[in-house]
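Assemble chains S, R and A onto chain W, guided by the hints.
Protein chains: 4
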Amino acid sequence: MSKTKVGIINVTGYAGVELARLLYQHPQVELTSVTGRSAAGKRLGEVFPHLASTELTIEAELGEVDFAFSAMPHRESAKEVIPLLNRGIKVVDISADFRLKEAAEYSEWYGFTHPAPQLLKQAVYGLTELHRSQVASAQLVANPGCYPAGAILALAPAVKAGVIEPDIIIDSKSGVSGAGRTLSLETHFSEVNEDATAYALDGHRHLPEIIQELKLLRPEPSPSVTFVPHLIPMTRGILTTGYAPLAPGKAVTGKKGKEELRHIYLDFYQGEPFVKVVEFPPHTKHTLGNNLCLIYPTIDARTGRLIVTSSIDNLGKGAAGQAIQNMNLMLGLPETTGLEALALYP
Amino acid sequence: MSKTKVGIINVTGYAGVELARLLYQHPQVELTSVTGRSAAGKRLGEVFPHLASTELTIEAELGEVDFAFSAMPHRESAKEVIPLLNRGIKVVDISADFRLKEAAEYSEWYGFTHPAPQLLKQAVYGLTELHRSQVASAQLVANPGCYPAGAILALAPAVKAGVIEPDIIIDSKSGVSGAGRTLSLETHFSEVNEDATAYALDGHRHLPEIIQELKLLRPEPSPSVTFVPHLIPMTRGILTTGYAPLAPGKAVTGKKGKEELRHIYLDFYQGEPFVKVVEFPPHTKHTLGNNLCLIYPTIDARTGRLIVTSSIDNLGKGAAGQAIQNMNLMLGLPETTGLEALALYP
Amino acid sequence: MSKTKVGIINVTGYAGVELARLLYQHPQVELTSVTGRSAAGKRLGEVFPHLASTELTIEAELGEVDFAFSAMPHRESAKEVIPLLNRGIKVVDISADFRLKEAAEYSEWYGFTHPAPQLLKQAVYGLTELHRSQVASAQLVANPGCYPAGAILALAPAVKAGVIEPDIIIDSKSGVSGAGRTLSLETHFSEVNEDATAYALDGHRHLPEIIQELKLLRPEPSPSVTFVPHLIPMTRGILTTGYAPLAPGKAVTGKKGKEELRHIYLDFYQGEPFVKVVEFPPHTKHTLGNNLCLIYPTIDARTGRLIVTSSIDNLGKGAAGQAIQNMNLMLGLPETTGLEALALYP
Amino acid sequence: MSKTKVGIINVTGYAGVELARLLYQHPQVELTSVTGRSAAGKRLGEVFPHLASTELTIEAELGEVDFAFSAMPHRESAKEVIPLLNRGIKVVDISADFRLKEAAEYSEWYGFTHPAPQLLKQAVYGLTELHRSQVASAQLVANPGCYPAGAILALAPAVKAGVIEPDIIIDSKSGVSGAGRTLSLETHFSEVNEDATAYALDGHRHLPEIIQELKLLRPEPSPSVTFVPHLIPMTRGILTTGYAPLAPGKAVTGKKGKEELRHIYLDFYQGEPFVKVVEFPPHTKHTLGNNLCLIYPTIDARTGRLIVTSSIDNLGKGAAGQAIQNMNLMLGLPETTGLEALALYP
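Chains as they are written, first to last, in our numbering: chain W, 1 to 346; chain S, 1 to 346; chain R, 1 to 346; chain A, 1 to 346.
So that you can see chain W by itself, here it is in the shape it has in the complex:
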C-alpha cells in the first residue's frame, strides 16, 4: 500500500521544520512537498542541514498531496487552507486562524476580519485529549497554540471535576524558539541569554483559546483567567504553573486531598499515551523533542489552592508533535505513530 502523501506549507519556520523532521521519520506517511516563499527553489537540506537526507526542494506552491499542514502565520494561513479544503484535502492548521469559534475574537485579538467564519464551527480544536473523536472525523483541525496546549492540559481535570473555583492564574515560562525564527531584538542571543522577562501583560493572543476550552469543560461559572507568558533563556520547552482556589464544597485539602486530586488527574488522563501525571514537578528537559505533556497537580494546604505545573516541548506537544498526533487520527493511524521518540537527555 502506498503511503499517504503529505505536504507542509511554509516549512521554514521552527514549527514547519519540526514537522518536516517528524514527518520524514514517520513510517506511515511520505513527506512529498514543502513550500516556503523566500527560500523557494533551494534544497531543504541547504537551508536546514539536519534535513539534508530528505532530498526535498522547497517549492513556491504545494504539490499534489493527500494531507497538508499549514505553518503559515495567522491571517495568511486561512488563505492557503481554504482552497485545500475545497479540493477535499485534510488539513491541520498550525496557525491560530481556525482555533477560535467566534469570528469576533479575530477582530479583537488578531486585528483582522475572518475570511471564512463558517469554517470556524466546522474546524476542530486539535487538543486531542479533549476532542479525540471530533479530530478523528475532521477535515480541518486547528492545532492549539503552544501555551494553551500546556495550560489547558494542566487545568482541564480540575476544571472538569469542579474542584476549583474558576479564578485561575496561569504563569508560563517559554523557551525562545516559541518566538519563532523571524529575527527580532527580543530573540537576539545577547539580549535574551541570561535574561528573563514577562511580556504581553495587556493580554496575549493565546488567552481566548484557553478560556474557550476551559469553558467547554465547565461552562458555569465562566472562568476568570489571567495568563502571563515569560521568556527564559533556553531554546525549547514551556513550563506552566497554574493556580486556583479550591472550590469550597468539593475542596480536597490535606494529604488525603492531594491524593484525591492526583486521582482526579490520573482518571482524566487514563490511557492517554502523551499525557503523564507525574509524582514530582516536571522538568522541561524531560519533554525535549517528544510529544509528551507532564503534569504535576498538588495543593497548597496553607491557602487551599490548587498548584499545577506542566511541561511540554513547545515545538512538540505545543506544535508539530500535536499536529502529527492529530494527523494520525485523521488518517486512521495509531495515534502514537511516529511520535514514540524518547526525550533527548541531557
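There's no promise every hint is true.
Reference listing, derived: stretches of chain R covered by chain W, where coverage requires no fewer than 3 residues with Cβ under 8 Å from a Cβ of chain W [claimed, not checked]:
#1 20-34
#2 42-51
#3 324-330
#4 337-344
Hint data in this document are derived by calculation from the structure and do not stem from the laboratory.
In this text, all values refer to a predicted model and were calculated from it rather than measured experimentally.
Every residue, glycine too, gets a C-beta built ideally from N, C-alpha and C.
Then chains S, R and A, alone, in the frame of chain W:
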C-alpha cells in the same frame, strides 16, 4: 580618617564572594578579614581568581573588625553572630537566622530550636526600603532572602495602599546561583541547562518572611500567600510575578486605574535610590550586577487583578548589594556608597 | 525470531543513559538489563524520567544477556568486561580500557597496570569507518573516546593521502556533558555557564588514542600531535578544528587545491552513512542527538595549511551512537539500524 | 577643574553602549554627547534601560566635546573621524578604519578605497601595552579588534623573545556579542544557543592586524599566521589558544623550559595593570566586565610547541575598556582610571 574595617564570615559561597567583590571596591570601608573553613590558609585570589587583587588570605577565624557580615548557612550563622554581638560589633547576617520574629517559625521551617530567641525582636529585617530608620540604628540586621527581596518590594505598595485583596500568588523564576556554590545534581550544568522546573511546592522557607513583612504593612485581613519558586537556566537574576485580586471598594480598573496604580507605586518608592518603578516589564539583565529592584505594576482589566513583576540580581539586591546598603546606613554612610555600578549589559 | 538481549553495565552516567535511550528505541535488540551501583533497586524511570516507559529496574549485577555494553569508568571497566568475554558474550566497552594497543600506555596515561594486556591486541578500536571488518568479527570492541572520534575522522583522509605533514594541532571545544554526570565545580552551572576555558594542557588522556590511529593510517613519519580540549557552555557537542601544513610535494593549494582536498575527503568517506563531508563549516547543532560526524576540510591559502573542522554529538558519534553502530556490525545487523534519527533542531 | 567632555559616535551598538556604561562611571571625564542614527531623539535610558541614570538623549550629530570615540562600522567611521581630527579633537576609533598601516589592505580586506591614507601612518594602533608612548601623544588612536587584542597579547612575548618559529596557529572562541547588536540568523538565540561553529575560514578581517603587530615585534622571518575564529554560546568573552613550534636554538623545553617561558612573559608584562600572566589556563568568566587580559603560556613537551591561552572580555579589553585605557593616556590621566572594576563572578 581611617576606613572602617569589615570582615566576611564564610566568604566562599556566592553571597560571600559577591560581598568581597563589592566591599573591595567600596570607597569608605576596608575589607580586612575573610573566613572559610575548607579553604582556610589559601589566598582569596587562588580560590576566586577575579579577586586576585585583594591580596587577602582566607582565615579560619575572623580577625579584628569593626563590622562583620555572616554568610554562613542558616543555623550555623547564629552561632557565629552571637559572640560578635556580645563584643559590640555590628553585624549583617545574610542567613535566615534572624529574619523571622517568632522562634517557633525556626522549628517549623528550618527544623531547629533557635539558640537566641531574644535576639529575634532586636534584629531588624534588612529590607531597607521598609525599615530604613531601624536599620540605621541596629546592631544586628537580618538580610532578606533573595526571593523575599524581589517579592516584598513588588507587592508592598499595593498591600500598604489596600488596593488588593490579600489573596496573593507569587511566581518567581531564579537563576541558578541562587542555589549556591555547593555541588548538587540540581545545579549540575547538563541537568539545569536548557531546563526549567518548579520546586518546593510544599512550601519554601522564604514564605514566612514574605508573609511576615506583608502583614506588617497591613495586618488585617491576614495575607494568604502562595509562593512557587522556579529554577531557570541562567546564572544570576530573579524575576518575580505577583498576582492578586483588586480590592472591591478601592479597585483601580481601566486605563485610569493603571495610572493610579502606577502612582501608588511611584509615591511609595519616591526618592528610593535602588527601587525603580518602570514603564515596561523589567528584564533581569537590567539588574545584572547592581543593587536595583525594577518593578512594573499593572492591571489585568479583564479579570480585575493586579499583575506586578519585579527584577533583581539575586546576589545584588537579593543578597550582597542589599547587605552593603544596610551596612552603609548602619555606619552612617550615604546609602548608595559603593553600590552605584550600572548593570552589565549585554 | 526473538530479539538479541542486550545489557548496559553502569547505566547511570550520561553515556550509559544515552545507550539506554537508543537501545530502547532500537528495533532489532531488546534492552533487558541495566546495572548501576548506588541506584540499584530503583526503577530506571525514577532516576531518569525520560526513560520511564522502559519499565526496567536498575540491578546490581547484569542479568543474562547476549550482548553487553560497559559504561564503567576506566580501570573498573576491564574488571567487568573480562568475565563477560570469558562467557562468550560480545562486548562494546565505552571506557578507555581496551583502546590502546600498548599496555605501557595505561601506566603512563591512566596510572594503572593493565589487568589483561593480552586482550589489547584482540580488542578492536571501534571507530567503525577505519576498522569496519575487524569490528564485524570482534568479540570485544573498544569504543573511541569522544574527542578522538571527531578528531581522527577529521584528519584521517588527509593523513592517509599524505597531503599533510604530520605536524598536527587539534583544538577541540566540548559541551559539558562530556565531563560526565559526576558532580564537580568544573561542571557546576554557575561556574561553567558563560565561560570558556582550555584544560589538560599537559596532555589529555585522549591523545595516545589519536596518535595511535593516525599512525596506523600513515606510520612514517610519526605524527607530532598537540591536542588541546576546551570546555564551552553547552550541554552536547564537540567541535574540533585541526591544523597541519600541507606536504611540500603533494601540496594542494589554491582553489583547485581546495577542490582536490575535498575530493580526497569525499572519496575516503564515500558510502559512509554517518560521516558527511559538508560544504560549510559544520555546527554542533546539526549533530545534536544523532550519530553523524560532519567534516569540512579546507586550505588556508596564505600559509599553505590544512584547516579541517568536524562536528559530532559527544554522546552520539562520540559515545553511545558509535557504540550501537559497532553493535549492529557485531550482530550482523544493518549498520544504521536504530541510528537514523535526524538531529534535533533548533 | 572641569571634567573633560567626551562623546560617543554611534552609541547604539554593543561597543558603544559599553563605552557609555564605563564613561558614565569614569571619575575624570564627563560623557556629554552620544549619537545614533535610527534612535536619534530618544533618551539613552529608553533604548538601554541600564543607562537610565545617564539622562542623556541620543543625538543625530555629536555635540561639543573635547574627546570623541567613534563606534561606527568600518568605512563609515573614517568619514566621521576626519572632520573631528581637523577640528583638533582627539579620537579613539573603535572601528578598523585606522588600524592597518597599508592603504592597500583596506581594498583587499574591507573592499573599499581608504579615504585618508595619509592618516594611517599618523594613527597609533591602540594596543596600549605595545605602543604606550605613542598612544600617549596621539591625536588618533585606532582601537584594536577584539580578536587581535587577545591574540597579539598572548603571542607578543614569545614572538619578541624569538623563542618560537613564526608558524603560528590562532584558534579563538568568541561570545556572541562580538557579532554585534545587528540582527542576523547567526546571532538568533535558537540558532546559536547550544551550538558551536568555526567561521571565516577563508580569512577573517582581523588577520592583517595580527600579522602587522607581530611583525613589528620581530620583522624577520615574517610570521605565517592561520587564524580561525569560532562562535560559542555565551554573551561575552574571547578565549584564544595560540600554537607555535619552539625555535630550535632558543628552545625552552622541559620543566625548566616552562619556567623560563613563564618568566619571559612575566618580564614582558611586568608592571602592566591589565595583563596578568596566570598560573592556570584562564577562564573568560574571570574577565567578565573588566579590562583584563589573562594569559597562560606553557609548552607541549611532547612536540616542542608553545601553547598559550588568553582570556578577555570582547567588550572590555577587546573594545570599550581598551578604548578608555587609551583615552586615559591621551588625556594624561592615570591609565587605570575608571577601569578598576573586578570581574562579575559568577
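Quick rundown of the hints versus the structure:
1. 20-34: holds (count 3)
2. 42-51: holds (count 4)
3. 324-330: violated (count 0)
4. 337-344: This one holds; 5 residues, not fewer than the three required, reach chain W with a Cβ under 8 Å.
When held up to the earlier numbered hints, the structure conflicts with hint 3 and nothing else.
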